[in-house]
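Chemist: Sequence:
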Amino acid sequence: MKKVLLLFILTVFFSCQNTAQTNSKQEAIIQAEPVEISIKKGKAKAYFASGCFWCVEAIYESVKGVDESISGYSGGHTKNPTYEASNTGRTGHAEAVEIIYDPNVVSFETLVDVYFASQDVTQVNGQGHDRGSQYRSIIFYQNDEQKQIILRKKEALTKRLGVKIAAEVYPFQKFWIAEGYHQDYEKLHPNHPYIKNVSIPRLNRFKAKFPKELLKAHH
1 MKKVLLLFIL TVFFSCQNTA QTNSKQEAII QAEPVEISIK KGKAKAYFAS GCFWCVEAIY
61 ESVKGVDESI SGYSGGHTKN PTYEASNTGR TGHAEAVEII YDPNVVSFET LVDVYFASQD
121 VTQVNGQGHD RGSQYRSIIF YQNDEQKQII LRKKEALTKR LGVKIAAEVY PFQKFWIAEG
181 YHQDYEKLHP NHPYIKNVSI PRLNRFKAKF PKELLKAHH
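Here the sequence shown is numbered in our numbering, starting from 1 and rising by one per residue.
Please note: incorrect hints may appear among the correct ones.
Claimed, not checked - Calculated lysine-lysine pairs in the DSS-like style (CA-CA distance at most 27 Å, straight line):
1) LYS196 to LYS207
2) LYS196 to LYS43
3) LYS40 to LYS25
Claimed, not checked - Between beta-carbon pairs, the in silico distance windows are:
4) ASN143 to HIS189: 33 to 41 Å
5) ALA85 to HIS192: 21 to 29 Å
6) ILE177 to PRO34: 33 to 41 Å
7) GLY42 to PRO193: 20 to 28 Å
These are computed hints drawn from the structure, not numbers from a lab.
Idealized CB from N, CA, C, for every residue including glycine.
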């Protein structure tokens, strides 16, 4: 009985210790200085996490000025995250997208508007039936100007809706591209049950309420 009790105490101790270390690493990321990605050949990059990256990728690619949306992982404390590892919730990473866009056509501010218009802004750690820290909402900023835009939009939403906005605000550090089979998933697998029942309806809900002049004519 004493051995069992000792084993239980040790298990709890090391579990708490690991949790504390993980929280400490995550806190360091939140407090870090943002990494700014320079504009190359007239194209800028922005990073968002908003539930399943299959859905978010398609949403941003429907917006004028967005050249490409890439699925991946960001916001965590581990290197080279995989889909399987991020799904454990222990990497700190969330499913995220890298948006490659023309800032002369679409502004970062508009990309933030797209973000809030395409999600349940109140849902913590998930979107719809996709739940867990890997599906949490995060907006990443690369400089103070972007941070202020995000905070201003978030505050305005809070006042207008009278609810707490779930999106976290992180300094951008690094984006890890997801496995190849995740890229352009909605476009390549239109008959997949998840795409038909979750991704496409979410995209259509967004397009129905977002200004038509900011959307591509065909998607």
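Chemist: Work down the list of hints and note, for each, if the structure agrees.
Modeler: Cross-check of the supplied hints:
Note on LYS196 and LYS207: the hinted pairing holds, with a Cα-Cα distance of about 16 Å set against a maximum of 27 Å. Of the supplied pair hints, the one linking LYS196 and LYS43 is violated, its CA atoms being roughly 32 Å apart against a limit of 27 Å. Taking the CA atoms of LYS40 and LYS25, the gap is near 31 Å; set against the 27 Å cutoff, the hint is violated. Look at ASN143 against HIS189: about 36 Å separates their beta carbons, and that is inside 33 to 41 Å.
Range check, ALA85 to HIS192: Cβ separation about 23 Å, and the 21 to 29 Å hint holds. Look at ILE177 against PRO34: about 20 Å separates their beta carbons, and that is not inside 33 to 41 Å. Against the hinted window of 20 to 28 Å, the Cβ-Cβ separation of GLY42 and PRO193 comes to about 39 Å, which falls outside the hint.
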